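Assemble the dimeric complex from its two separately framed chains, guided by the hints.
Residue-level listing of the chains:
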Amino acid sequence: MEDNNNAIEVSHVTKTFKVYYDKGTELKEKILFWKRNKFENRVVLNDISFSVKKGEAIGLVGRNGCGKSTTLKMLTRIIYPNSGSINMNGRVSSLIELGAGFHPDMSGRENIYTNASIFGLTKKEIDARLDDIITFSELEEFIDNPVRTYSSGMYMRLAFSVAINVDADILLIDEILAVGDANFQAKCFNKLREIKNNGTTIVIVSHSLGQIEQICDRSIWIKNGQIAMEGKPKDVHLEYLNFMNQERIDQQEKERLKQQQNEMKAREDEEKRKKEEAEREKRNRRYGTGDAKFTDIKILDKDGQEQTTFRTGEKMILDLSYHVEKPVKDAVFGYGIFRSDSLWVYGTNTRIDRFDIFDIEKDGKYVVEMPNLSLIPGQYWIDVTIEFGDGNPVDYYKKALNFEVVSNTQDVGVARLDHDWKLEI
Amino acid sequence: MINQIKAIYEYREMIFSLVKKDLRGRYKGSILGFLWTFINPLLQLVVFTLVFSVIMRAGYEQYYLFLFVALVPWMFFATSVQDGSTSILREKDMVKKIFFPREVLPIATVTSGFVNMLLTFIVIFIVLIFSGRGINLMAVICLPVVMIVEYILCLGIALIVAALTVYLRDLQYILGILVMALQYLTPVMYGIDIVENSGAPSYCIQLFYLNPMTPVIEIYRDILYYKQVPQLNTLLIALGMGIVFVMIGELLFRKLQKGFAENF
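Keeping their order, the protein sequence lines are chains B and Y. With my numbering applied, the first sequence covers 1 to 425. With my numbering applied, the second sequence covers 1001 to 1264.
Hints are computed from structural coordinates only; laboratory data are not their basis. Just so it is clear, the structure is predicted and the values come from calculations on it, not from any experiment. Please note that a few of the clues may not be correct.
Here are the computed distance ranges between Cβ atoms for each label pair [what the hints assert, rightly or not]:
(1) Y/LYS1096 <-> B/ARG256: 39 to 49 Å
(2) Y/LYS1096 <-> B/GLN251: 25 to 35 Å
(3) B/GLN185 <-> Y/LYS1006: 29 to 39 Å
(4) B/ASN198 <-> Y/TYR1167: 24 to 34 Å
(5) Y/VAL1115 <-> B/ASN408: 57 to 67 Å
Calculated pairs, SDA-like style, for lysine to any residue (alpha carbon to alpha carbon, straight line, at most 20 Å) [stated by the list, open to error]:
(6) Y/LYS1096 <-> B/TYR380
(7) B/LYS302 <-> B/GLU314
(8) B/LYS329 <-> B/ILE357
(9) B/LYS223 <-> B/GLU175
(10) Y/LYS1258 <-> B/TYR80
(11) Y/LYS1021 <-> B/GLU110
(12) B/LYS399 <-> B/PRO377
(13) Y/LYS1097 <-> B/ASN64
(14) B/LYS399 <-> B/GLY378
(15) Y/LYS1092 <-> Y/LEU1168
(16) Y/LYS1258 <-> B/SER83
(17) Y/LYS1258 <-> B/HIS12
(18) Y/LYS1097 <-> B/PHE17
(19) Y/LYS1021 <-> B/HIS103
(20) Y/LYS1020 <-> B/THR122
(21) B/LYS399 <-> B/THR295
(22) B/LYS196 <-> B/LYS232
(23) Y/LYS1096 <-> B/THR16
(24) Y/LYS1020 <-> B/PRO146
(25) B/LYS398 <-> B/GLN410
(26) Y/LYS1097 <-> B/TYR80
(27) B/LYS187 <-> B/GLY99
(28) Y/LYS1258 <-> B/VAL92
(29) Y/LYS1097 <-> B/TYR155
(30) B/LYS298 <-> B/VAL368
(31) Y/LYS1255 <-> B/SER83
(32) Y/LYS1255 <-> Y/ASN1003
(33) B/LYS123 <-> Y/GLU1262
(34) B/LYS293 <-> B/GLY364
(35) B/LYS124 <-> Y/LYS1006
(36) Y/LYS1021 <-> B/ILE357
(37) B/LYS38 <-> Y/GLU1262
(38) Y/LYS1020 <-> B/ASP127
(39) Y/LYS1096 <-> B/TYR80
(40) B/LYS54 <-> B/GLY231
Quick reminder that beta carbons are idealized off the backbone N, C-alpha and C, glycines included.
Only chain Y is shown next, with the shape it has when bound in the complex (with noise of 0.2 Å):
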């Protein structure tokens, strides 16, 4: 295992080269390149906004704030495992021909994910600075710790589907479907709040916090919504979680790759 990471860690220069050239091609040098990465969950904002906040009213004050704040993370989470795992495919002709440690490529696509989420954090807090809302710096300097224990839940997620789908194309789109549904099993658009006084059965909640995007969103809404300084301890769960699927993705990944080349 040790090994492994010293070869991934001598090819930084790939992975540093991967992510600039993604997001060269997304932001192409003109600020307009980089607002179009919005329009997805700009359009989810202005439809949730509408239906959450105008004809269901869920009760959360400035809620355009309240789902931007989640909805930026959870999109990271999104296109990590989604373009994780079509990382390999896409580049099915290099991998035919060329030598390089594979997990490169799933870690450039969630580094570039990430790299994308900072640029938009730049937006959040200018936007929940001109909203009159404001920023609690005791609580955002939290921010980074949630950040990384995202970025190692979705890089073992993405190291597993990537070594999946090169043998099961099916599973992009399958993919596709559970994250989507995911999004909605997770308190993204409404608060935890409103599921525990659902008077759902308990099985049901403990389902919730089984979720390990939950306390991860949750975090993210203390620190930027409700400007308190959260608790961290709720997020060993998910650090958990996403070790021991680094580790099994590592594993899994390891012992996939040997038939990639052939599986084209």
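This is chain B alone, in the form it adopts within the complex (with noise of 0.2 Å):
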């Protein structure tokens, strides 16, 4: 232990696990097939130290499979790190599983003192949590009959108060907070924040950043193996989703791309079957004379390349391109934008925004400009329309085109509203 204050120290460690093609375990696997046993060295943690000073809270974030959980059962001292070192200063507990050891047909009661005596608690220890664990639960009524009685929430509510009651100098969590209803998931939160006002040092996983922000003193993202920002939770967090929202983003992107692809090889075994089925949907979808008619529909972000998904405020761009067959007299461009619940969030056309009167006679194209797109994240439709200055539908166009929006923001609504806080407290 370099530097007595610290709780755990975490020094350049490295852990890789071996994934095997097919492992076998038998005797006869391992002689036969001995080269299904090929395995690959996969590197779940590269060279990360870090340390956690007494009474400090922290939360370990990362995307699923980034190696938090590894780091936590190392910290737990279930798997070992292949090169660095880990100390640990003080009683270690760690909520990795509730409930181990319940035995169905012994009552809570009796299951208490299995479930504390694997947390490594004697038998006078227990004894004395016993009322208090009892009382956490909820359970008095029922604490002397078999578990095998209990319903899942009861199950899980005597699992956690044995976990959350057992004294420790370092507690290790691991996803297990989101258990039991809201009330008792309070309760439990309230117990958590005594026992780090008691000075408990406490490292929690979790993906629910909010609980985190609560709770800990500093956060570290865990990125590909290594340590990718630590600090403030607020801060490590607002970057962590940024990222998460980029990669979103560039993976939609990759998916449509790939899409483009897949439907161009495709194209011109299936180019006449498509165009009939499209007909056909479109049929149901888009009415009108038919005097003009879209031809291409296009969403552009502010860098004017195709896209579908967008942050809340970005600018987004509507291009349509139309062909004229019939010259339209007084003829009205409108657009209408829905969320999928079929909530109509905006519309709007030409003749509403007050412009002039105006005839379309050759093919061309409008296009909208809305320079911040204000609309919560969630999933929408626009509707696309040219019509008669009556309201009669030259080219009516539902659902024409999908998109998405993501923001790293948690407010609610429909959209956002330009706003500012001023206190007086």
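Shown next, in the form of structure tokens:
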């Protein structure tokens, strides 16, 4: 232990897992199919170092598979690092699994003893805490009934009550805070705060960033086996969410491009079939006299690139090209934005926006620029129309385009209204 | 090593809990439940008595007693080895998710078998009295000594096979066969006197004495069947082997347990 003020010291830890193609555990498999035992070394954690002061609470965040649970398991000594060292200063208790050792035929009370003993408590220590545990679980009535008669909620509450009443210097929690109803969760949370105030060092792995922000002094973001960022939870989480959103946009883009490629390949063979199918579909979603028809409709981002995913507040551009069969006198262009549950978010057209009356006689296009798309995250679609001045449709195209909005702010509703806070407290 | 023993001692409540859970599972609050654990040895008792005392007379009077007092300690050994080897595999969910000194699992298995044997001894005493053979109290006082030596021997072997079986699953089946064979190569169904008078070459007879269970079984029989105070010094080799097994077992266990959670 380098610094005695530290409860945890992780020093240059690397962890590699052997990913077997098909592992043989039997002698026969090990001898006959030795080729199958080939494996790939997968580096899960790459030279990680961090320390936690006594009494500090930190959160570990990162996408699935980044190594958070592996780190926690190494702190618990269930798994050992390939290189580097881990020092724990104090009694360690880890809540990775609830209800270990529960025997269905034994009563709740007896199972408390079994479960607490697995956490390393002696009989005396368990006797001292028994009443607290039972009271916390709110299962006084049923505590002497066999556990197999419990509902799954009662089961979880009992398990959690034991776990949270284990006195430890260092408490490691892996994604089990999401247990029980809202009241019980609040109770657990308060108990966790109490524990922290008593000087216990806490490490939490969770996807619930809100919970981490409420309890932890620091967050560590693990990305690709290394520490991407360490610091105040709010700051780290913002970066982390930005990264995840960007990844989502990139992923959607990748999928869209891939889809484009596939379509191009299949186009030669399936062109006719697709055309017929598309026509049939469009006939259901599209109606009007047909004097003019949309030919090419696109959504673009601020750089003029086709895009379907936007952040709240970004610029969105509708680019709609049309072909004119028969000239239309007093034409009106319009669009409507709908949310995926059919809520009509906004709609307008050139008449409402007081354009001078105009006719269309040749092919052209109209572009709608929305400099600030302040919609709340969700899925949306757009109807686009060309109409006569009296409202009769020339080409009303329902659900012509789909798009998605993402954001890393958690406001709710339909759209973000600009606002300023002024506190006088 | 000392630190490890301290760590295991701290978890003694977990060992008690596991043993209680195991006995609970076996006996489940009924006398009949207790008797069920007898079916296997009882069946062996009946069959072997038939073979060795009626069909092929081995010449022991009250053969069923001769066999019973040896069979029960043998069952303790056999289950310690066989259940011991799967003790970690069986609780792999716990091992993957919780920290505790892994030695607790084979220790609990062997201890549970030991308690089982003690309870069965009550029945042995009852049977000895009712059969008219009686008990020699001076000899019975030596019983704890041989029980402890057997416990140490079983623990050492359990530690070794428990750790190895995680990596080589077949071991549990291989052990089943080996233990069965060993039952015939140990003087359980017959006395060591038959071996010595058999005229087999002396190296064969020496092999019998290499088997640590031979002196153990002989002593049980001296105490309970022959009603003689046993020659405890014959136990020294068995005790020595037991201690060596425990030490090797613990060293091996410490090394191998690091990879348990990943190798399930």
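Tested hints:
no., hint, verdict
1, Y/LYS1096 <-> B/ARG256: 39 to 49 Å, "holds, 40 Å"
2, Y/LYS1096 <-> B/GLN251: 25 to 35 Å, "holds, 31 Å"
3, B/GLN185 <-> Y/LYS1006: 29 to 39 Å, "holds, 38 Å"
4, B/ASN198 <-> Y/TYR1167: 24 to 34 Å, "violated, 42 Å"
5, Y/VAL1115 <-> B/ASN408: 57 to 67 Å, "holds, 60 Å"
6, Y/LYS1096 <-> B/TYR380, "violated, 44 Å"
7, B/LYS302 <-> B/GLU314, "holds, 8 Å"
8, B/LYS329 <-> B/ILE357, "holds, 9 Å"
9, B/LYS223 <-> B/GLU175, "holds, 18 Å"
10, Y/LYS1258 <-> B/TYR80, "holds, 6 Å"
11, Y/LYS1021 <-> B/GLU110, "holds, 10 Å"
12, B/LYS399 <-> B/PRO377, "holds, 18 Å"
13, Y/LYS1097 <-> B/ASN64, "holds, 18 Å"
14, B/LYS399 <-> B/GLY378, "holds, 15 Å"
15, Y/LYS1092 <-> Y/LEU1168, "holds, 15 Å"
16, Y/LYS1258 <-> B/SER83, "holds, 13 Å"
17, Y/LYS1258 <-> B/HIS12, "holds, 19 Å"
18, Y/LYS1097 <-> B/PHE17, "holds, 17 Å"
19, Y/LYS1021 <-> B/HIS103, "holds, 7 Å"
20, Y/LYS1020 <-> B/THR122, "holds, 15 Å"
21, B/LYS399 <-> B/THR295, "holds, 15 Å"
22, B/LYS196 <-> B/LYS232, "holds, 17 Å"
23, Y/LYS1096 <-> B/THR16, "holds, 17 Å"
24, Y/LYS1020 <-> B/PRO146, "holds, 15 Å"
25, B/LYS398 <-> B/GLN410, "violated, 30 Å"
26, Y/LYS1097 <-> B/TYR80, "holds, 13 Å"
27, B/LYS187 <-> B/GLY99, "holds, 19 Å"
28, Y/LYS1258 <-> B/VAL92, "holds, 18 Å"
29, Y/LYS1097 <-> B/TYR155, "holds, 18 Å"
30, B/LYS298 <-> B/VAL368, "holds, 11 Å"
31, Y/LYS1255 <-> B/SER83, "holds, 16 Å"
32, Y/LYS1255 <-> Y/ASN1003, "holds, 15 Å"
33, B/LYS123 <-> Y/GLU1262, "violated, 31 Å"
34, B/LYS293 <-> B/GLY364, "holds, 11 Å"
35, B/LYS124 <-> Y/LYS1006, "holds, 17 Å"
36, Y/LYS1021 <-> B/ILE357, "violated, 88 Å"
37, B/LYS38 <-> Y/GLU1262, "holds, 16 Å"
38, Y/LYS1020 <-> B/ASP127, "holds, 17 Å"
39, Y/LYS1096 <-> B/TYR80, "holds, 12 Å"
40, B/LYS54 <-> B/GLY231, "holds, 17 Å"
Comparing the model with each earlier hint shows violations of hints 4, 6, 25, 33 and 36; every other hint is respected.
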